[in-house]
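Asks: These protein sequences, in sequence, are chains C and Z. Residues 1 to 53 (our numbering) make up the first sequence, in order. Residues 54 to 221 (our numbering) make up the second sequence, in order.
No wet-lab data here; the hints were simulated from the structure. Predicted model only: the values in this text are computed from it and were never measured. Idealized CB from N, CA, C, for every residue including glycine. Just so you know, nobody snuck in bad clues.
Which stretches of chain Z does chain C cover? Using the computed rule of at least three CB atoms under 8 Å from a CB of chain C, they are:
#, segment
1, 62-72
2, 197-210
When the alpha-carbon atoms are kept at most 20 Å apart in a straight line, the in silico EDC-like pairs for lysine to aspartate or glutamate are as follows:
#, chain 1, residue 1, chain 2, residue 2
3, C, LYS45, Z, GLU57
4, C, LYS46, C, GLU35
5, Z, LYS151, Z, ASP114
6, Z, LYS122, Z, GLU155
7, C, LYS45, Z, GLU104
8, C, LYS45, Z, GLU99
9, Z, LYS197, Z, ASP82
10, C, LYS9, Z, ASP199
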Amino acid sequence: MVAKKEKTKTNTETKELLREASATSGYFKREGFSELSQIVDYAAKKLRVKPSR
Amino acid sequence: MIWENIIRRLNAVKCLTAHIKGTRLSTKDKSSYYRSALIIICSIVEGLAYEIVKKNTPPPDHFFEDTQKYSEVCNIRSSVLGTTSDVHLYRRQKVGLKINDEGATFARYNLFLKHNRIVSSGQYKTLDWMRRERNRLHIQGLTKADVDYTKIKIKRAAKAISFLISKV
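Input sequences plus hints: build the corresponding full structure.
Replies: This is how it looks when you write it as structure tokens:
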């Protein structure tokens, strides 16, 4: 019973992971990011130009 | 100063991910680098969340949540009441939680962002996931092997930087 519960939990976690992976990939595509470093550069650029910092 | 420090940490994430990309590493070693990158990203996201709460609350205290404060009114001895232990009476007061109070946590910042519709429920889900990932820093609280740090997790975390940065 415990083993079955554990398996169900793992399956749910895997499903969630896959769902999130797909959502993340969709987000990257929508926002025009292909690489992680692009987000980092984008964020750094945004912060550098923020007024009154 | 927070902005300069965030930029420094963004650079650290870039260095780490470039290193992973440019070096032949075992999956285990990659996971270690991703762990470090993830923790750094979580700290950046927490900093951004803090700044957004600050931006959306009035200075100087930046009260952002109502909370309860309990102060003891009296203590009735067990011998008087015939109970097994003393009975303590507390007064409950509604007080505002300031952004820099001890109880002002990443979890509460995230809830503020959600309740004030600054982030969507999907974005809140990501932020709360990041908070849980960040908490894996506390090694004593881990109940399973500290593994499974992957590129996709880093990308998911970076997504949070991207959607928060436009709100600061």
